[in-house]
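From just these sequences and the hints, can you work out the full model?
The listed protein sequences derive, respectively, from chains A and B. Counting from 1, one number per residue, gives the positions in the first sequence under my numbering. Counting from 1, one number per residue, gives the positions in the second sequence under my numbering.
Heads up, some of the hints might be wrong.
[Said to hold, decoys possible] With beta-carbon atoms standing in for the labels, derived distance ranges:
hint: 1; chain 1: B; residue 1: T129; chain 2: A; residue 2: K62; range: 47 to 53 Å
hint: 2; chain 1: A; residue 1: A48; chain 2: B; residue 2: K267; range: 37 to 43 Å
hint: 3; chain 1: B; residue 1: G237; chain 2: A; residue 2: V154; range: 53 to 59 Å
hint: 4; chain 1: A; residue 1: P143; chain 2: B; residue 2: E228; range: 37 to 43 Å
hint: 5; chain 1: B; residue 1: L58; chain 2: A; residue 2: A48; range: 44 to 50 Å
hint: 6; chain 1: B; residue 1: G237; chain 2: A; residue 2: V52; range: 54 to 60 Å
hint: 7; chain 1: B; residue 1: K35; chain 2: A; residue 2: D192; range: 44 to 50 Å
hint: 8; chain 1: A; residue 1: Q214; chain 2: B; residue 2: K121; range: 55 to 61 Å
hint: 9; chain 1: A; residue 1: G61; chain 2: B; residue 2: G226; range: 51 to 57 Å
hint: 10; chain 1: B; residue 1: K101; chain 2: A; residue 2: G115; range: 56 to 62 Å
hint: 11; chain 1: B; residue 1: K61; chain 2: A; residue 2: F58; range: 37 to 43 Å
[As the list claims (entries may be wrong)] Pairs of lysine-lysine residues, derived as DSS-like cross-links and limited to a Cα-Cα distance of at most 30 Å, are as follows:
hint: 12; chain 1: B; residue 1: K145; chain 2: A; residue 2: K258
hint: 13; chain 1: B; residue 1: K240; chain 2: B; residue 2: K124
hint: 14; chain 1: A; residue 1: K258; chain 2: B; residue 2: K101
hint: 15; chain 1: B; residue 1: K152; chain 2: A; residue 2: K258
hint: 16; chain 1: A; residue 1: K62; chain 2: B; residue 2: K79
hint: 17; chain 1: B; residue 1: K101; chain 2: A; residue 2: K62
hint: 18; chain 1: B; residue 1: K63; chain 2: B; residue 2: K80
hint: 19; chain 1: B; residue 1: K182; chain 2: A; residue 2: K258
hint: 20; chain 1: A; residue 1: K62; chain 2: B; residue 2: K80
hint: 21; chain 1: B; residue 1: K134; chain 2: A; residue 2: K258
hint: 22; chain 1: A; residue 1: K62; chain 2: B; residue 2: K100
Hints listed in this document are in silico derivations from the structure and should not be mistaken for laboratory results. In this text the structure is predicted, and so the values were computed from the model without any measurement. All C-beta atoms in this analysis are idealised placements derived from N, C-alpha and C, irrespective of residue type, glycine included.
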Amino acid sequence: MNISAHKAAREAGAELHPRHRWNLTSRSARARVVNWLFKYYFLFSILALCLVLAMVIFFIGKTAMLTFQEVTLAEFFFSFDWTPEEGRFGAALFIVNTLSLTVLTLIIAVPLSLGMAILIAEIAPAWLKKFVSPLLDLLVGIPSIVYGYLGLTVLLPLLRELSGEGLGDGLLAAALVLTVMILPTISRISEDAISAVPRKYRDASYALGATRLQTTFKVVLPAAGRGIVAAIILGMTRAIGETMAVVMVIGNTPQLAKSLFAPTSVLTSNIVMQISNVDFDSTWNYSLHLMAFLLLLISFVLILIIRIIGRKGGA
Amino acid sequence: MKWLKKLSLAAIASAFLLSATLTGSAGAKDELKGKITVNGSTALLPLTLQAAKEFQKLHPKVKIAASGKGSVTGPQAVKKGIADIGACDWDASEDVPGFKKFEGQVANKVAVIPFATIVNKSVKVDNLTTEQLKGIYSGKITNWKDVGGDDKDIVVITRSFGSGTRVNYQAKALGGGDIVKKEKNYKEVGSSGDMKTAVATTPNSIGYIDLTYISGDDIKAVKHNGVEATVENVISGKYKIWSYGYYMTKGQPTGETKAFIEYVQSKKFQEGSLKKLKFIPISAMK
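Right, dumping it as structure tokens:
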């Protein structure tokens, strides 16, 4: 309700019976109070969220910085030797492994899930749509430990068979498990973005004589670009932070992944394997916090990068 | 899958007990009440869960929450005040290789834990010497044919640093030898349950675990220097890979914590449930 409407209501009220007028003013007063409350409630919510986030960053960062009392910046970021029980804290291998795992996962997951999104939004008949969409929603809700266990008991023996390796643990196994986990996220959100592209774009494209393939890739996908980028961001942040499923299939050996089947370790899996086994006041503990802090920064930077790309491509 | 079943059974059991405690079903008059938190070794966890179940039947007003993660977690949780009892596979009031002693903590012996080398059922070998194990875990021996098995690569599975099983295994089965293998057939797991699953599902794998967890036919225990890993051989002194399990407390235990530890140390529990779980009574060792 804008000011002139208030004014009009008040003027109208003046003409009415006192009882009615009282009613009306109380109504507008109530509206004003409710508006005020809502405004500050939402403001408070945002502030609370910011506070929690700031505290997470501050406390992890504070503990993390204690690492540098004993370890040099260069050693932590550029050394590939992680032997904390002997005082060598080189985290470079975890950083590289985390990035490779994320990239590998996206390489497998993005084409697959985009294909699924296009199928559901553009091609599939109504009955198939009704079947696939709820199925994908269901997949999102499955806890990651279940995926990890399936990876351990179903995927790993399969990979051993295919590769002839003794163990099968490694980047590929982790990437495949992560792919299954983020596939529904990316495809459901992309599908929403694709479905939101106005019908007239497609009609115009068809009217110009374009095929369905041309229409989909030259018109619909670019128009839905931002939504798709958002979907990939969400999928990627889940992939980079996922721990429980990864820890079960990656092998947990602190070494650089030189092949897809070498047991290795990423930031998340190393933190969860070691954090409960180390002394609270030790460089080891601090450096694990530093790795957590780093994880925070990496996902933050990746999100920024993709946002910038998205802004250029999607507009 | 067995450990999953065990886990869910334990969860259901503790949930049931908790509700029984809340409604106060048992009528016995009892002044003991309070909450005991036990944290630490996964090797001792089956024992703690069983003892908690029985103790809560006797003292319905006492609630016991037990969880396992790794031995060193136990004394650490006690130090931080998170837990009343820290289950640990070594005497954490003394220095051991890799770990400093925890000042002011008292180690209460509660059981003897035998450990065994386990292999996947695909492995033909059934005896390994200390030297062979040393070779395998240090990465010098990488093929089963070198220790009398098939021509297959050995997959080594080990617990992460901080595990009591690992500390004891390294000291007693490997004769203090290192576990320093960072190649393609080397994997670390976080708990005894994970170890069992990993060895059971990985062909040609070798690992180590406490005797309690060995059941079913997907893993088998191998002899050490020709001696089978059995309770009798531990008691008679033939089988060397064992250690005391300790409940670490901040100072001498008091109140309900003391009562619980005394219950675990009591003859009734030591000779009964503890034996059934394939632990060995502390009184059996000379």
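Each hint tested on the structure:
no. : hint                             : result
1   : T129(B) with K62(A): 47 to 53 Å  : holds (51 Å)
2   : A48(A) with K267(B): 37 to 43 Å  : violated (57 Å)
3   : G237(B) with V154(A): 53 to 59 Å : violated (44 Å)
4   : P143(A) with E228(B): 37 to 43 Å : holds (40 Å)
5   : L58(B) with A48(A): 44 to 50 Å   : holds (47 Å)
6   : G237(B) with V52(A): 54 to 60 Å  : holds (58 Å)
7   : K35(B) with D192(A): 44 to 50 Å  : holds (48 Å)
8   : Q214(A) with K121(B): 55 to 61 Å : holds (57 Å)
9   : G61(A) with G226(B): 51 to 57 Å  : holds (56 Å)
10  : K101(B) with G115(A): 56 to 62 Å : holds (59 Å)
11  : K61(B) with F58(A): 37 to 43 Å   : holds (42 Å)
12  : K145(B) with K258(A)             : holds (27 Å)
13  : K240(B) with K124(B)             : holds (23 Å)
14  : K258(A) with K101(B)             : violated (39 Å)
15  : K152(B) with K258(A)             : holds (22 Å)
16  : K62(A) with K79(B)               : holds (22 Å)
17  : K101(B) with K62(A)              : holds (27 Å)
18  : K63(B) with K80(B)               : holds (20 Å)
19  : K182(B) with K258(A)             : holds (12 Å)
20  : K62(A) with K80(B)               : holds (20 Å)
21  : K134(B) with K258(A)             : holds (27 Å)
22  : K62(A) with K100(B)              : holds (25 Å)
The structure does not agree with the numbered hints 2, 3, 14 stated previously, though it agrees with the rest.
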